[in-house]
Each structure stands twice: as structure tokens, then as C-alpha cells.
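Student: Okay, here's what each chain looks like letter by letter:
Number of protein chains: 2
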Amino acid sequence: LTARFQRVAVTGTTGWGTTLAIHLARNGTSTVLIARDEDEVATLQAARAHGRRLPGVAFPPGLEVATATAATDADLVCFAVPSVTLEANARALAPCVSREATVISATKGIERATGRRMSEVLAAALPARPLAVLSGPNLSREVAAGLPGSTVIATRDASVDALRSAFHSTSLRVYTSDDVAGVELGGALKNIYAIVAGMADAMGSGDNAKAAILTRSLAEMGRLGVACGADALTFQGLAGVGDLIATSYSPLSRNRRLGELVGRGASVEAALAEIGETAEGATTVQAALALAATKGVEMPIAAALDRVLYGGITPLEAIRLLMEREPRSER
Amino acid sequence: LTARFQRVAVTGTTGWGTTLAIHLARNGTSTVLIARDEDEVATLQAARAHGRRLPGVAFPPGLEVATATAATDADLVCFAVPSVTLEANARALAPCVSREATVISATKGIERATGRRMSEVLAAALPARPLAVLSGPNLSREVAAGLPGSTVIATRDASVDALRSAFHSTSLRVYTSDDVAGVELGGALKNIYAIVAGMADAMGSGDNAKAAILTRSLAEMGRLGVACGADALTFQGLAGVGDLIATSYSPLSRNRRLGELVGRGASVEAALAEIGETAEGATTVQAALALAATKGVEMPIAAALDRVLYGGITPLEAIRLLMEREPRSER
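As given, the protein sequences belong to chains B and C, one line each in that order.
Take the position in the first sequence, starting the count at 1, then add 1; the result is the number in our numbering.
Take the position in the second sequence, starting the count at 1, then add 1; the result is the number in our numbering.
Simulated from the structure, these hints should not be mistaken for laboratory data.
For clarity, every value in this text was computed on a predicted model and none was experimentally measured.
Hints are not guaranteed to be accurate.
Claimed, not checked - Quick list of simulated restraints, FRET-style, between CB atoms:
hint : chain 1 : residue 1 : chain 2 : residue 2 : range
1    : C       : Glu318    : B       : Pro301    : 44 to 54 angstroms
2    : B       : Glu325    : C       : Arg5      : 17 to 27 angstroms
3    : B       : Leu317    : C       : Ser31     : 28 to 38 angstroms
4    : C       : Pro56     : B       : Leu317    : 22 to 32 angstroms
5    : C       : Arg321    : B       : Arg49     : 29 to 39 angstroms
6    : C       : Ala129    : B       : Gly205    : 39 to 49 angstroms
7    : B       : Ala228    : C       : Glu318    : 22 to 32 angstroms
8    : C       : Arg92     : B       : Asp162    : 56 to 66 angstroms
9    : C       : Arg321    : B       : Asp162    : 21 to 31 angstroms
10   : C       : Ser99     : B       : Gly312    : 48 to 58 angstroms
11   : C       : Met324    : B       : Gly205    : 32 to 42 angstroms
Built from N, CA and C at the ideal position, the CB exists for glycine as well.
Looking at chain B on its own, in the form it has when it is part of the complex:
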């Protein structure tokens, strides 16, 4: 018999966090979704749904909603908060997390000031627990709707079979990996390129240009990943190219939508306000460029996006910069 987790706590009430809590409860594990405060608990309990993030998706009966103290008896704690608040959330929840609990990150980002991956942030805030990460082509509304999909769980020190049992279902198929850095960086970096893809869509660049940009983006992701100790092959898998293309083509992707709005002339602030939820790529691009500088890795596509979002050049100028820069041989 495979060991199974008895109780999972998921924090927080983002679209992805709420989706994972619903998925875990549907899949037969006792699950609590950790809300910010009693007011949010009351709102979500009254509706038995998260109307703003996941309209039309009812909470299954096995899903509780509660505040942080309800995490105490969880043997698996899943973090799905925005990357910029992960450290604060983890430190705030730490007194309620068992010393024996496994911790899994479903947050996709890189800490800007330090270049740390999300699992490294969690390892510092919640030391001595087994750690894992979950990433892959997982548009939350599709997972919540029960559409078929797949994801990757990477870990080197947690019980991978128990993690797989908790998340694996007939609709969401779980692959496993021991390349924590690669799986995590694939999920974080792809948001940068989904913004660029959305910009290209808004400018009517066409599918030939978009495919070319994403092909070069994949190479760029892999270069930084390998410099950070990841396995190059991970970027050819679900957590790399799989997540990159899902996010870059889906109308449900917030990062792609951010790019579309910026491509039509909106400022990054105005675009983020219109989206109304975090688009991680807008932060990740700066974190990735800082990290790349320390590793001596060139990221021309990310650098061009950074100049569009924060440096005052237009999307058209950025695309021209990239086109002029291309070398003769593919390698």
C-alpha cells in the first residue's frame, strides 16, 4: 500500500490555489483551503464557490474553508499564492505547519531581490520539511472544469508516490521528476514569453512569427535553466515547452492577456489593473534578468520585453530589435 496524505491545506484563495483545493477534495483527500481572514471564509462558505476567480465551479462537499490555524493537522501543505507574497505568507503560516508536513509549491515565479526559486523561499521559511514543486500546462479554469490535462511534481526528498496519489486523477495526470530547479524555472520563465506571445498576437504578427518567437524563447529558458543547475531535457517536457505553449496560446492565460493589452498600447499598470489578478511574468521578467546577469546568460527576448514594460520602447520596436538580432545559424 502506498502511503497517502490524510489532510491537505492549500493556501491561498487565488484562482490556482482554489482550483488545486477543489481538485484535491474531488480526488478524495480531506482538504482545507486557507483564506485570508474570517470575512473571506464567510464569503466563500456562503457561496460554496469562488465567484470572482472560478465562476460557476461549486466547491465539492469534502472541501473546507478556514483560516491559518486549520493547517495545523495537515500532513501536506500546498502554497499557491502570488510570488511576491510567498515569503510573507509562508512565515505567517509557519507556526501552524507541522514539523512532519510535506510542503509543495504551486507558485510560479522567481524572487526578485534574491533570485531564489519559490521552493528555496519555502525551504527558508519552513525549514526541515520535505519539499516538492508542482508545475505544468495547467490553466486553472480547465483543471477546475475537469478537462483532461497533465502536470509534473518534482522532488528530491519527499515521498513522491504519496504526492502523486494526492494529485493524480483520471483527468489530471501526474508525471514525476527529480529536477526541482528545472520544473520550477520552466513554470516561472514561461510567463515572460507568454506576455511576448500576447504582444505578437495583438500586433497581428501571425502564427509563423509567434512560433519563431516561442522557439527562441524555449532556447532562452533552457539556457538560464541549465546555468542554474537544471536539466536541459526538462525544458523539452510538460513543465517546459508544454507549459510555454499552453500559456502562450490559451485565451485563458493572464500573462498572454497582459501582452495583448500592452501590445495594443496599454501601460503595464493599466493592463494589470484591467486583468485584476497577478500576471506573474511582469515581475518574473525582472527577476530572471537579474538572475541571468549573475550567471552570465543572455536573454534578448526577456530583455526586449523588459524594455517594453518598464523602459519606454514600443512593442513594435521590441519586435524589430529581436528580428535584427537573429543570428545565421540556429545554434
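Mind docking chain C on chain B? Use the hints.
Tutor: Below, chain C alone, put in the same frame as chain B:
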């Protein structure tokens, strides 16, 4: 000074052949598009456009249309006919092709009876000429419209700089490669998976599932490619993943459209009749499976598509087969 081709002959009057002839003429090389017979020459000359294949795209002044004998003075001969007619076309044109001419294949397919790549078919029909192949994410209507894009020219024995000069423009950027087999197999095999992608679209599988299927498809393409002597890295480039995603997401792709029609219940014959032009993947899937069998390579996604197209199972049964088959670890 780089050597330049003085005159290019492009055969035949497919959407892609016509597009390449227009592109080459726009790019400043004297170009003749080889039509089937005097009737087709007259029709195309009268319209100075190919209304059925490329509506609204006028032939540039430098583009001639003529029958086979006009190829005699060409120092570059480009083949863009359907794969099933390539050998017959090449043998028919051979008496008109100079012994000094460079031959380039823009046909994407595998010969079903023999497993030969298109450049191998051309090498046999037109021996002792320098050979090259052109492939990449190149939806013909986008190239004809002058939208930005990129392509790969692979050769081991032709003057790559002269080829690059003929095809490279501000809108179509040409990369070079020496991996002829990889570039050619990428272009041929991706059509198989674009059909599967179209089926998934028709069934409303969602972007998570489509991305997962394409990720596994890329691995499958790479396995057969490497078994045939190609470089694995080629499948991570424009002629591999780039072409795969362009073809699998674009509404302009005939192979994707074939999959959509089959996914909605049409027979392959009915679907091809509705499309009205070759969808190479419908032939390539059988050629690829035969080739894979000789190399001992498993291609479960191609095999599932073959059973849908020719073996009487439904698209839904095929998707289920694939989902059940997936292994635990990504590698």
C-alpha cells in the same frame, strides 16, 4: 561578394510552391513558376495570381509562369509538389534540369513505399546535383502576405550562402543547418501531430490537453528522427517545435483542419475532399509508422491517429488510448 543564383525555377503550382515563387521574385531573383501544362500557364498568366490557392496575392512583375522547358536555364530548382507526386514530377522535369543546377526540396513528407525523405527521392531522380531542403514554421498565406517569419535551409553540399541570399528577406529570415535529415523529418512528421491537435480542438479537449499531446508528440518526432540519423537538437528548433506549434495552432493549417473535420466525425476521404488540397499528414502517418517499425521506434500518438484515420476507432477512443498509456516519469 557572395555567389548568387541567377534564375530559379519553382515547381509546382501548389499553395506553397506559388508562395515560394512569389517570394523569390519579390526578393529580386529572376523566377519561373513551372505549371502543369499550357492551359494552367494561360490561366495563371491571365490572372497574374493563383486565385484558388492564394486569393488576393498578385504575382510580382519579375515572376514568369511557364511549362517545364523553362527550367532549362535555372541554376536553382525548387520542388514544392505533394510528396506522393514528387518522384514522378522530378523524373518528368529531369531532362530540363541543368547538370550544374542546385536542387532544393520544399516538399514535406516521407515516401510511403520506401521510407525515403524527399531529398533522397530528388537525389535519385536528379543525381549529382547539390541538394538542400527548406522547412520551418511557414504557413504559406502568411509568407505570401509578407508577414514576418523564419525558415531553415539545410544542406551539406550546396552553397549555403547563395541559397540563403535567394530566400532571405526582411520578412522571411533564413537560418541554416547541416542536419538535412532532421530539418526534413521535422517538417514531415509535424503534420501527423497537427492532425491530432485539430482532433483535440474539435473535441473541446482544452489547451492543457493540447499542450500535453504536443509535448509528447515532440518527443515522438525526436525519437524517430534520432533513429534516422538526425540531431536531437534540430527538433528543438524552428524546423521541429517551431513548425509543430505553428501548424498545430494556426487556423490556416490544412493538417490541423483535417483533424478538426475528422474530430467532428467526418471520414478521412470526406475531410480531404472538403479541404480540396493535400494534407500531407494523412499520408505521412503511414509512411512514418512503416519507417518507425524498421527502426524499432514506438510512436503511440501516430499509431493512434492511424487507427482513427484508417482503422475504424473514434477520435475519443484514440485520446483515451493515449491517456491510459502514459507512463509515470516523463522520460
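Student: Where does the structure disagree with the numbered hints, that is, which hint numbers, in rising order?
Tutor: 7
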